[in-house]
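Top to bottom, those sequences are chains R and E.
First residue of the first sequence? That's 1 in UniProt numbering, and the numbers climb one at a time after it.
First residue of the second sequence? That's 1 in UniProt numbering, and the numbers climb one at a time after it.
By construction, these hints were calculated from the structure, which means they are not laboratory data.
Quick caveat, the model's predicted, so the values are computed rather than measured.
By construction, the Cβ of each residue, glycine as well, lies at the ideal position given by its N, Cα and C atoms.
Any given hint could be a false lead.
[Unchecked claim] To give a feel for the contact side, a few chain E residues facing chain R, derived at Cβ under 8 Å:
no., residue
1, F95
2, T101
3, G108
4, M109
5, V113
6, S116
7, T117
8, V120
9, I121
10, V123
11, L124
12, E127
13, K129
14, Q136
15, L138
16, K141
[What the hints assert, rightly or not] With a straight-line cut-off of 16 Å between C-alpha atoms, the simulated EDC-like cross-links for lysine to aspartate or glutamate are:
no., chain 1, residue 1, chain 2, residue 2
17, R, K137, E, E126
18, R, K115, E, E126
19, R, K129, R, E90
20, R, K115, E, E63
21, E, K141, R, D122
22, R, K141, E, D55
23, R, K137, E, D122
24, E, K129, E, D100
25, E, K115, R, D98
26, R, K137, E, E72
27, R, K73, R, D98
28, R, K141, E, D130
29, E, K64, E, D79
30, E, K137, R, E90
31, E, K73, E, D55
32, R, K38, R, E27
33, E, K137, R, D131
34, R, K115, E, E99
35, E, K137, R, D98
36, E, K141, R, E127
37, R, K115, R, E57
There are 2 protein chains.
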Amino acid sequence: MSAKSHRTSGSVAMDDYLEQILNLIEEKGYARPVDISKNLGISQASVTNMLQRLDAEGLVKHEKYRGTILTEKGRMIADAIITRHQTLTEFLRLFGLDEDTIYHDVEGMEHHVSKSTLRVIDVLLEELKDDSALLQKLREKL
Amino acid sequence: MSAKSHRTSGSVAMDDYLEQILNLIEEKGYARPVDISKNLGISQASVTNMLQRLDAEGLVKHEKYRGTILTEKGRMIADAIITRHQTLTEFLRLFGLDEDTIYHDVEGMEHHVSKSTLRVIDVLLEELKDDSALLQKLREKL
Ligand SMILES: [Mn+2]
Ligand SMILES: [Mn+2]
């Protein structure tokens, strides 16, 4: 298992499922295929197939009364993706980009940001939150 | 045609081909399937298929004595990807990340960075090149 194994599933599609499953569990307490299907804009048949694949990879389990849950490994990947999503979103919001652009860019970038690159973004984010004069100066150059 | 049509082909795989074709033309003067195959680590049969698809999309042409060339539209997309590649690489290098990590992250991110996000990175890059005290301060926090 590679050193990256806790950061991504190795598949952008699987990453997106894990992210949405964790979002749903945190919002609603459970992740139903119908809600995963709606959030990802993917047919229920495809969701069913992917849940089987995630199960085979040891990333989700199906429990009789709780529905789809994340395994420990699935949870770690989902957490890492959501952290990247939040950090990248907060960073781009500093610069006043419109929300659609931010969402679109972040959904793409979040699968490709290593721990080191995330740390760079995080350090910049903290600096710019503390130094409004610098942020203002940068925003005027956009 | 969407406002983004000059920025990406809509397919990560096609983007990567266009990027490599332009790299090869600029390095060697021509882009041969064997070199595309080597640079992308993809079989020559797959390269042949993709070149046909890029031709059908109006992104490359085959000319008898020059081999594969980019159409104007293909060239604009390739230029945009290479600009994103260079800006992202230069930005991450400021922070001393190792070259493998940078290459891997940039190859993923370059397909998902809008013009607005690229502008943010570019403004930060210029600022940090001009303010070595700030860069040093940030690097110490990594
Ligand atoms: Mn996301
Ligand atoms: Mn590239």
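Hints and how they fare:
no., hint, in the structure
1, F95, "holds, 5 Å"
2, T101, "holds, 5 Å"
3, G108, "holds, 3 Å"
4, M109, "holds, 5 Å"
5, V113, "holds, 6 Å"
6, S116, "holds, 5 Å"
7, T117, "holds, 5 Å"
8, V120, "holds, 5 Å"
9, I121, "violated, 10 Å"
10, V123, "holds, 5 Å"
11, L124, "holds, 7 Å"
12, E127, "holds, 6 Å"
13, K129, "violated, 13 Å"
14, Q136, "violated, 12 Å"
15, L138, "holds, 5 Å"
16, K141, "holds, 5 Å"
17, R/K137 x E/E126, "holds, 12 Å"
18, R/K115 x E/E126, "violated, 24 Å"
19, R/K129 x R/E90, "holds, 10 Å"
20, R/K115 x E/E63, "violated, 44 Å"
21, E/K141 x R/D122, "holds, 10 Å"
22, R/K141 x E/D55, "violated, 39 Å"
23, R/K137 x E/D122, "holds, 14 Å"
24, E/K129 x E/D100, "violated, 22 Å"
25, E/K115 x R/D98, "holds, 12 Å"
26, R/K137 x E/E72, "violated, 37 Å"
27, R/K73 x R/D98, "violated, 34 Å"
28, R/K141 x E/D130, "holds, 14 Å"
29, E/K64 x E/D79, "violated, 24 Å"
30, E/K137 x R/E90, "violated, 21 Å"
31, E/K73 x E/D55, "holds, 11 Å"
32, R/K38 x R/E27, "holds, 14 Å"
33, E/K137 x R/D131, "holds, 13 Å"
34, R/K115 x E/E99, "holds, 14 Å"
35, E/K137 x R/D98, "violated, 30 Å"
36, E/K141 x R/E127, "holds, 10 Å"
37, R/K115 x R/E57, "violated, 23 Å"
In this structure, the earlier hints numbered 9, 13, 14, 18, 20, 22, 24, 26, 27, 29, 30, 35, 37 are contradicted, and the remaining ones agree with it.
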